[in-house]
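Engineer: Residue strings, one per chain:
2 protein chains.
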Amino acid sequence: MSSIIKPRVLKGFRDFLPENEIERKSVIKKLENIFENFGFVPIDTPALEYTEVLLGKGGGETDKQVYNFQDSGKRDVALRFDLTVPFARYISQHLDELYLPFKRYHIAKVWRGENTQRGRYREFTQCDFDIVGVDSPSSDFEIMLMMQSSLFKLGVNDVTIRFSHRGIFNRMLETLCLKDKTVEVLRVVDKLGKIGEVKVVELLEELTTTENALKILEFIKPGKNFRDTLDKMIFLSGGESDDTKRLEEIYSYIIDNKIEKSFILDPSITRGLDYYTGLVYETFLNELPEIGSVCSGGRYNNLASLYTKTELPGVGASIGLDRLLAGLEVLGKKSELKSLTQVLILVLDDKIIGHYHKIATELRKNGINVEVFPIKKKIQQQFKYADNKTIPYLIFCGEDEVASNTINLKDLNTKDNYEGISISKAIDIILE
Amino acid sequence: MSSIIKPRVLKGFRDFLPENEIERKSVIKKLENIFENFGFVPIDTPALEYTEVLLGKGGGETDKQVYNFQDSGKRDVALRFDLTVPFARYISQHLDELYLPFKRYHIAKVWRGENTQRGRYREFTQCDFDIVGVDSPSSDFEIMLMMQSSLFKLGVNDVTIRFSHRGIFNRMLETLCLKDKTVEVLRVVDKLGKIGEVKVVELLEELTTTENALKILEFIKPGKNFRDTLDKMIFLSGGESDDTKRLEEIYSYIIDNKIEKSFILDPSITRGLDYYTGLVYETFLNELPEIGSVCSGGRYNNLASLYTKTELPGVGASIGLDRLLAGLEVLGKKSELKSLTQVLILVLDDKIIGHYHKIATELRKNGINVEVFPIKKKIQQQFKYADNKTIPYLIFCGEDEVASNTINLKDLNTKDNYEGISISKAIDIILE
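Those protein sequence lines, which keep their order, are chains A and B.
Just add 238 to wherever you are in the first sequence, counting from 1, and you've got this note's numbering.
Just add 238 to wherever you are in the second sequence, counting from 1, and you've got this note's numbering.
Hints are supplied without guarantee of correctness; some may be wrong.
No distinction is drawn between identical chains; accordingly, a pair holds when it is met within one copy or between any pair of copies.
Okay, derived cross-link-like pairs now, PhoX-like style, lysine-lysine, Cα gap no bigger than 25 Å in a straight line [to be verified]: (1) Lys496 to Lys614; (2) Lys603 to Lys572; (3) Lys453 to Lys391; (4) Lys496 to Lys663; (5) Lys429 to Lys571; (6) Lys499 to Lys391; (7) Lys429 to Lys483; (8) Lys499 to Lys470; (9) Lys603 to Lys499; (10) Lys571 to Lys267; (11) Lys459 to Lys603; (12) Lys603 to Lys496; (13) Lys347 to Lys417; (14) Lys453 to Lys547; (15) Lys547 to Lys263; (16) Lys268 to Lys596; (17) Lys614 to Lys437; (18) Lys263 to Lys483; (19) Lys589 to Lys483; (20) Lys244 to Lys589; (21) Lys596 to Lys483; (22) Lys244 to Lys312; (23) Lys453 to Lys419; (24) Lys437 to Lys653; (25) Lys429 to Lys267; (26) Lys312 to Lys302; (27) Lys391 to Lys267; (28) Lys432 to Lys470.
Treat the hints as calculated values from the structure; they're not laboratory data.
The model shown is predicted, which means the values in this text are computed figures rather than measured ones.
Let the sequences and hints guide you as you build the complete structure.
Structural biologist: Printed below as a string of structure tokens:
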């Protein structure tokens, strides 16, 4: 009748095969667990919003990365491109129903029409967590602790969280009378890791004097240790300030909690052109620094100024799930499970299928994931199915076993056979 | 500078406040657990696909409910409106990487520009589970068992799963020479619950003779019990067939598993104009039948004929999460938790904030969800925060307690105070 349509997905979009989706779900569950461990609550917002709400007035035409269109009711709508803007809108809209300080997490897909040649996806998952409505060193520190705990939970212990303070950076530029060139300087500083010190100075010299360029380089180079780096930052930013005191305070918490191994004060961290005003952080896998930061964030002055006159300072971070998953895979920390099934009940006899399902229910009541092969087929094909799904145990049973209320169990890993055992014995073996 | 943009969401779209999102996540986790218990594997597909892939060639202009548009690369794209079509595309595309029979589940959002006046949402969540690549009574039964188990897992034991067989219904129409009016008859039969028997016969009389109309009514009325209903279906469809044998087989499994209380053979269940060809099911909450079926499905001949010449018979069902959640709320089965936090550590002294975080880490290591209040504030405000988040325990601690390495614990439910206890004692009390 109709011709076949070629099954395919859009460029930059992906299907997830079971083994990948099992891994994604497992990582997401662990992150949710950490976020809840820290008292963060989940929220959700629509994928589609008014373009004006997401991009501001008149922003619709300018941002080509955003998927926007007119819906059938002639509304200008857009798919969310991050979780921060919807959160700003959300908290402004629901301030009366919420309470401050508000600690939320949000794990969801976002869409951007990025250039896919750089290995970027147009649909990807972000995991954001923020503390809004309070400006305290304790909150700044809590986010850092969560970044570290999240990675530990995923089995990645060898991480470095590099942090700095945008306020001190800005003050340094002020002392050099370069405040009006902040954006340009940030753009150059951001490239330090890629192009190296010499090239950075060259580029800075296009913006200012050689003396200033060298001072900026001096500022962004980490010192021997926290104290050394901070002293240099204090000196080059014109003396102590609330911002430098905050860094000291946070460092004292780090010491109290004996986690200094994971944290480095690194003044080259600025989070580029972002809207951060205070602490900023990036997280690197020490065995895989080249993939870049897997979790970044910082403090901002006013989250929701687009939507409300209520001042909402906050601090937060975002885990790039796709980059992190790619990293875990390279580090050999990806599970290769094709399913979570523990037992396959083979169908030897059509006439006792009801009985097979009964056995399955017994096992499930004990928390065991079990399936009944859906139809009588050659035994090799049923074995193949167990293999495809990496199922470790098989249960065999015919009419004799029904009569004696027993089963046969095979452990495919050890090749052990347990013949004529009771269901409860089988449960013990599987759960062991 | 810029004027305030009114924070708002599109009609038919929703924000989820923490208490609602906690509930949604908890229900989804339980469903995932059941699906994995039955050996189903998760998959995911893109939210956005080629319009042609989702709607077939030339389908783009006709379906106003679908959100479709041109992306910046001039591709015709659309947001998925269900999880079945993407699954058909997915399995055709990845057949070489998968294996049959394939049992997958998929829980995800879908979008339809529905009329919101009927209380429908334009963004909603579906939970689909299907067994593809096999046509067996065991699979038909397994889906029924999963429907029941899913609701049991959510604490809803009082459910009725009504099932029938579209093949037998079609054969009945054939015996009445009404095959070419199948669509019209289905449309009328579907209204039985709403308009009653008299009105159904009236409408059927517009399509055929009074005798035929009465025969159809006779067919769709359930009998006294399974046997009685089936006998009538056999008689009115012109005798026994593979389809009636399948119903008998499935019923024998139901008996074997002693779950007949939840299942009723109801020949008025046809799943309307859907593409089902075999078993069909709908699930009703007995205390709340008026909200309609919360989980429906059935068997289809060929899932993916649009994309592949490989025949893929299957059976599956879909839980309408939003309707189910609304039902759970009415039944008083909705949790009212505003957070999952178990302990709030109050900030009595600014100078020991690092210590507070250390205590929190100790508790978290024992699986306890705990937060440190983010800043020193009046004690009443910190209490209020615990109240807002329904946190049951408070920990107080000043410099004296730091010196003696103890804490004070307050149980807000019982009003019990535990003063000067060790952290490990506190952990025991909280976990108890």
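Engineer: Against each hint, give a clear statement of whether it holds in the structure.
Structural biologist: Results for each hint:
With identical chains, the CA atoms of Lys496 and Lys614 are at most 25 Å apart between copies only, with a shortest distance of 23 Å across copies and 60 Å within one. Taking the closest pair of Cα atoms, Lys603 and Lys572 come within 25 Å of each other only across two copies (24 Å); inside a single copy the shortest separation is 29 Å, beyond that limit. Taking the shortest Cα distances, Lys453 and Lys391 never come within 25 Å of each other, neither inside one copy (40 Å) nor across copies (64 Å). When the C-alpha separation of Lys496 and Lys663 is checked against a cutoff of 25 Å, the pair qualifies only between copies, where the shortest distance is 23 Å, while the shortest distance within a copy is 47 Å.
In the homo-oligomer, the alpha carbons of Lys429 and Lys571 never lie at most 25 Å apart, since the shortest distance is 30 Å inside one protomer and 55 Å across protomers. Within a single copy, Lys499 and Lys391 get their C-alpha atoms as close as 17 Å, which meets the 25 Å cut-off; across copies the closest is 44 Å, which misses it. Proximity of Lys429 and Lys483 under a CA criterion of 25 Å is satisfied in neither setting, with 28 Å inside one chain copy and 72 Å between copies. Within a single copy, Lys499 and Lys470 get their C-alpha atoms as close as 21 Å, which meets the 25 Å cut-off; across copies the closest is 77 Å, which misses it.
Taking the closest pair of Cα atoms, Lys603 and Lys499 come within 25 Å of each other only across two copies (19 Å); inside a single copy the shortest separation is 45 Å, beyond that limit. Proximity of Lys571 and Lys267 under a CA criterion of 25 Å is satisfied in both settings, with 16 Å inside one chain copy and 24 Å between copies. Within a single copy, Lys459 and Lys603 get their C-alpha atoms no closer than 59 Å, and across copies no closer than 36 Å, so neither meets the 25 Å cut-off. Proximity of Lys603 and Lys496 under a CA criterion of 25 Å is satisfied inter-copy only: 15 Å between copies versus 43 Å inside one chain copy.
In this homomeric assembly, Lys347 and Lys417 never come within 25 Å of each other (Cα to Cα): the closest approach is 37 Å inside a single copy and 46 Å across copies. Neither within a single protomer nor between protomers do Lys453 and Lys547 lie at most 25 Å apart by alpha-carbon distance, with minima of 39 Å and 69 Å respectively. In this assembly of identical chains, the alpha carbons of Lys547 and Lys263 never lie at most 25 Å apart, being 38 Å within a copy and 32 Å across copies at closest. Within a single copy, Lys268 and Lys596 get their C-alpha atoms only as close as 33 Å, which misses the 25 Å cut-off; across copies the closest is 21 Å, which meets it.
Proximity of Lys614 and Lys437 under a CA criterion of 25 Å is satisfied in neither setting, with 70 Å inside one chain copy and 46 Å between copies. Taking the closest pair of Cα atoms, Lys263 and Lys483 never come within 25 Å of each other, the shortest separation being 41 Å inside a single copy and 40 Å across copies. Proximity of Lys589 and Lys483 under a CA criterion of 25 Å is satisfied inter-copy only: 13 Å between copies versus 77 Å inside one chain copy. For a Cα distance limit of 25 Å, the shortest separation of Lys244 from Lys589 qualifies neither inside one copy, at 41 Å, nor across copies, at 65 Å.
Taking CA atoms no more than 25 Å apart as the test, Lys596 paired with Lys483 passes between copies only; the shortest distance there is 21 Å, against 66 Å inside one copy. Taking the shortest Cα distances, Lys244 and Lys312 sit within 25 Å of each other only across copies (19 Å), while inside one copy they are farther apart (31 Å). When the C-alpha separation of Lys453 and Lys419 is checked against a cutoff of 25 Å, the pair qualifies only within one copy, where the shortest distance is 15 Å, while the shortest distance between copies is 85 Å. Within a single copy, Lys437 and Lys653 get their C-alpha atoms no closer than 62 Å, and across copies no closer than 65 Å, so neither meets the 25 Å cut-off.
Neither within a single protomer nor between protomers do Lys429 and Lys267 lie at most 25 Å apart by alpha-carbon distance, with minima of 35 Å and 43 Å respectively. Both within a single protomer and between protomers do Lys312 and Lys302 lie at most 25 Å apart by alpha-carbon distance, with minima of 20 Å and 13 Å respectively. In this assembly of identical chains, the alpha carbons of Lys391 and Lys267 lie at most 25 Å apart whether taken from the same copy (10 Å) or from different copies (19 Å). Taking the closest pair of Cα atoms, Lys432 and Lys470 come within 25 Å of each other only inside a single copy of the chain (23 Å); across copies the shortest separation is 78 Å, beyond that limit.
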